[in-house]
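Modelling step: build the complete structure from the supplied sequences, incorporating the hints.
Now for the letters of each chain:
Protein chains: 2
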Amino acid sequence: MTEFDPTTHPHRRLNPLTNQHILVSPHRTKRPWLGQIEAAQPSDLPKYDPGCYLCPGNTRAGGKKNDAYESTMVFENDYSAVLPPPGPIAPPSLHPLLTVEPVQGGCDVVCFHPRHDLSLPTLSLPDVEKIIETWMQVYLKRGKETGIQYVQIFENKGAIMGCSNPHPHSQVWSLSTVPTLPANELASLKRYASSTSVASKAPKGPHGHPCLLCEYVHYEFFMPENEGRVVIKNDHWVALVPWWAYWPFEVMVLPYQRHISSLCHLNVAEKTSFADIMSRVTKRYDNLFSCSFAYAMGIHQRPVPPREEGGTLLEDEDDVAHLHVHFEPPLLRSASVRKFCAGFEVMAEHQRDLTPEQAAQRLRDCSEVHYLMRGEGAVLHSQ
Amino acid sequence: MTEFDPTTHPHRRLNPLTNQHILVSPHRTKRPWLGQIEAAQPSDLPKYDPGCYLCPGNTRAGGKKNDAYESTMVFENDYSAVLPPPGPIAPPSLHPLLTVEPVQGGCDVVCFHPRHDLSLPTLSLPDVEKIIETWMQVYLKRGKETGIQYVQIFENKGAIMGCSNPHPHSQVWSLSTVPTLPANELASLKRYASSTSVASKAPKGPHGHPCLLCEYVHYEFFMPENEGRVVIKNDHWVALVPWWAYWPFEVMVLPYQRHISSLCHLNVAEKTSFADIMSRVTKRYDNLFSCSFAYAMGIHQRPVPPREEGGTLLEDEDDVAHLHVHFEPPLLRSASVRKFCAGFEVMAEHQRDLTPEQAAQRLRDCSEVHYLMRGEGAVLHSQ
Ligand SMILES: [Zn+2]
Ligand SMILES: [Zn+2]
Numbered sequence: 001m002t003e004f005d006p007t008t009h010p011h012r013r014l015n016p017l018t019n020q021h022i023l024v025s026p027h028r029t030k031r032p033w034l035g036q037i038e039a040a041q042p043s044d045l046p047k048y049d050p051g052c053y054l055c056p057g058n059t060r061a062g063g064k065k066n067d068a069y070e071s072t073m074v075f076e077n078d079y080s081a082v083l084p085p086p087g088p089i090a091p092p093s094l095h096p097l098l099t100v101e102p103v104q105g106g107c108d109v110v111c112f113h114p115r116h117d118l119s120l121p122t123l124s125l126p127d128v129e130k131i132i133e134t135w136m137q138v139y140l141k142r143g144k145e146t147g148i149q150y151v152q153i154f155e156n157k158g159a160i161m162g163c164s165n166p167h168p169h170s171q172v173w174s175l176s177t178v179p180t181l182p183a184n185e186l187a188s189l190k191r192y193a194s195s196t197s198v199a200s201k202a203p204k205g206p207h208g209h210p211c212l213l214c215e216y217v218h219y220e221f222f223m224p225e226n227e228g229r230v231v232i233k234n235d236h237w238v239a240l241v242p243w244w245a246y247w248p249f250e251v252m253v254l255p256y257q258r259h260i261s262s263l264c265h266l267n268v269a270e271k272t273s274f275a276d277i278m279s280r281v282t283k284r285y286d287n288l289f290s291c292s293f294a295y296a297m298g299i300h301q302r303p304v305p306p307r308e309e310g311g312t313l314l315e316d317e318d319d320v321a322h323l324h325v326h327f328e329p330p331l332l333r334s335a336s337v338r339k340f341c342a343g344f345e346v347m348a349e350h351q352r353d354l355t356p357e358q359a360a361q362r363l364r365d366c367s368e369v370h371y372l373m374r375g376e377g378a379v380l381h382s383q
Numbered sequence: 001m002t003e004f005d006p007t008t009h010p011h012r013r014l015n016p017l018t019n020q021h022i023l024v025s026p027h028r029t030k031r032p033w034l035g036q037i038e039a040a041q042p043s044d045l046p047k048y049d050p051g052c053y054l055c056p057g058n059t060r061a062g063g064k065k066n067d068a069y070e071s072t073m074v075f076e077n078d079y080s081a082v083l084p085p086p087g088p089i090a091p092p093s094l095h096p097l098l099t100v101e102p103v104q105g106g107c108d109v110v111c112f113h114p115r116h117d118l119s120l121p122t123l124s125l126p127d128v129e130k131i132i133e134t135w136m137q138v139y140l141k142r143g144k145e146t147g148i149q150y151v152q153i154f155e156n157k158g159a160i161m162g163c164s165n166p167h168p169h170s171q172v173w174s175l176s177t178v179p180t181l182p183a184n185e186l187a188s189l190k191r192y193a194s195s196t197s198v199a200s201k202a203p204k205g206p207h208g209h210p211c212l213l214c215e216y217v218h219y220e221f222f223m224p225e226n227e228g229r230v231v232i233k234n235d236h237w238v239a240l241v242p243w244w245a246y247w248p249f250e251v252m253v254l255p256y257q258r259h260i261s262s263l264c265h266l267n268v269a270e271k272t273s274f275a276d277i278m279s280r281v282t283k284r285y286d287n288l289f290s291c292s293f294a295y296a297m298g299i300h301q302r303p304v305p306p307r308e309e310g311g312t313l314l315e316d317e318d319d320v321a322h323l324h325v326h327f328e329p330p331l332l333r334s335a336s337v338r339k340f341c342a343g344f345e346v347m348a349e350h351q352r353d354l355t356p357e358q359a360a361q362r363l364r365d366c367s368e369v370h371y372l373m374r375g376e377g378a379v380l381h382s383q
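Quick mapping for you: the protein sequence lines, in order, are chains R and H.
Numbering-wise (the working numbering), the first sequence opens with residue 1 and increments by one.
Numbering-wise (the working numbering), the second sequence opens with residue 1 and increments by one.
Rather than coming from a laboratory, the hints here were simulated on the basis of the structure.
Remember, predicted model here, so these are calculated numbers, not experimental data.
Among the hints, a few may not be true.
[To be verified] Okay, derived cross-link-like pairs now, DMTMM-like style, lysine to aspartate or glutamate, Cα gap no bigger than 25 Å in a straight line: (1) 339(R) to 78(H); (2) 339(R) to 101(H); (3) 204(R) to 108(R); (4) 339(R) to 76(H); (5) 339(H) to 108(R); (6) 130(R) to 308(R); (7) 271(H) to 108(H); (8) 201(H) to 235(H).
Laid out in structure tokens, this is it:
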């Protein structure tokens, strides 16, 4: 029997948030690296596109006209996946195995900026801060509506993710139910909070209980530099490739100084450094394969904002949530070689070849100067 | 408050096998149908491709030469995701949240037929029976190896699924652990078997306990023809779009006459009619958009075959498994318009627009004469 070597031996890792395993096959990366580094793809998007339904002043599918907006813009999606209340009467179940539950809610679009050609990595820091502020406002507004039990902020970027419009934008879906994945994560956080064997110096969650993500980020934070899975840190936030990462260059961004359960719990300094780390992570992404790096991004936090009393946010059981961002990008080897999720993965278990540690190293090696902003021709910027 | 209408009102359905919900947004299908029916794509694949590593007599990447095989061919994958035992010593856990477990096993390739240009829908019935027989043999052989706890048979078809070689083939991965998804399904089946409130005329599982899938398929089987979710039936099998389907045209194939826990429990008649329904489902798939319909297909059954004593298969707790096939195809509207799994879906919950009932209707409307086998020019067949 040989000693276990995580860079050679097939093994599985557990995602403690979802309780799903990932099969890691690191020996397969010893195959010759077939993927080439694609030539830089200069962005030739116009600053304004008359055919874009998100550009200022243009008319959307539903017939409404966009304002001549100057920073962010929020509107209700013309093809919402859910509809506002009142919903129908819940039907009787046809059979115990055929359950059905009506869902109400709303779907908002949050445009990041009037410029058609920019994105999180190429927007200025004040612009990214403004986006974060807007997410928080929509979260507060929607989360307080009657019957809303969950608010999901997400961005779907790139044609490879099915996003046909490059105009920088995200979506916010508000629902009368807590969806499967965040419900699982919250259940895991709750279980962890009631465990008693945790004795690290990590920050604690509400009532002094241990927090799964406070513990995890604390452990990663104190790994030696240039080892482990941390990509970058700033004063309040860490970006890392989680131990249980599924996508080749999956990243989680989370606060490490204290337990923070939602966007509306952030103080001014934490908000500024949140913008900083989101900008730096996405710059590294774009630089990895010299392309506009496609991803699904989502914010997990308290299902809805806490109640307030006299200007103070009230604590409750949903404060077990620990604010974090998931980046799930499909690219594997170059701007045109993606990972496919098929066969064994959809029938049995998620699988990866490149280890999370190798992915983190490659992201650490990337520059934070955006590839389109280098040298003399570098004029792509919102400032 | 209005009455609930499943073809109009957003709702969620529960998948009782995985305990995950699916958000259904049927009102969105009332948008004008933008997808066109693509022209038939005549298959121009050669019967033999000198550059294909699966064609008879050709040399594979690892340097080995294929036999001049005449029906099916089995060989070990040259780039297996797992390696045969002995594995390394399990390492000490770095932290309770960073668990790691070595995995051993093997990855086999099962070629369906020497002909490069055929596939399940265009192979003859005896050829499909031979494939089923081969799957059973590999399942028996691998499942009896020391340390193997699970055998997954699957097919990954089509470039859109990341499968670069059109030569008809499937894979069988054998593992020293039960993967996440089948482990979840087995847990659901076990829970259901110990529930006491079931009083239908459906077949029962081992020891007379109720079986989730026997109950479900029984319910669907007796829905009025041309309603509900059944696509086709034959003497022993049903193909249906499950109530909780996620992919637009997802299909489950399962036996309905009696509880059958694995391929090696099938009698001769059941095997023949299994080949029949697999052929008919995939013909309908190809005809839906007049193309070679891409999918991930997987067989779920007992993790490994039962022990035998004097020619008799012994019953044990793994017999709660109910043999079934999942087809998970990504196409949505045409041969070139696929569903994307992104944004809200990867961050929160699976979502679909077209209802499972509508999908079943469209598959019922498809012919079982393959679009490439119609009329005079119809020579595409292995017989
Ligand atoms: Zn999360
Ligand atoms: Zn299954």
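The hints, checked one at a time:
1. 339(R) to 78(H): holds (19 Å)
2. 339(R) to 101(H): Given that 25 Å is the threshold and the Cα spacing comes to 24 Å, the pair holds.
3. 204(R) to 108(R): Violated - the C-alpha atoms of residue 108(R) and residue 204(R) are around 34 Å apart, more than 25 Å.
4. 339(R) to 76(H): holds (23 Å)
5. 339(H) to 108(R): It holds: about 21 Å lies between the C-alpha atoms, which stays within 25 Å.
6. 130(R) to 308(R): holds (23 Å)
7. 271(H) to 108(H): Between residue 271(H) and residue 108(H) the Cα gap is close to 22 Å, so the pair holds against 25 Å.
8. 201(H) to 235(H): Holds: residue 201(H) and residue 235(H) sit about 18 Å apart, inside 25 Å.
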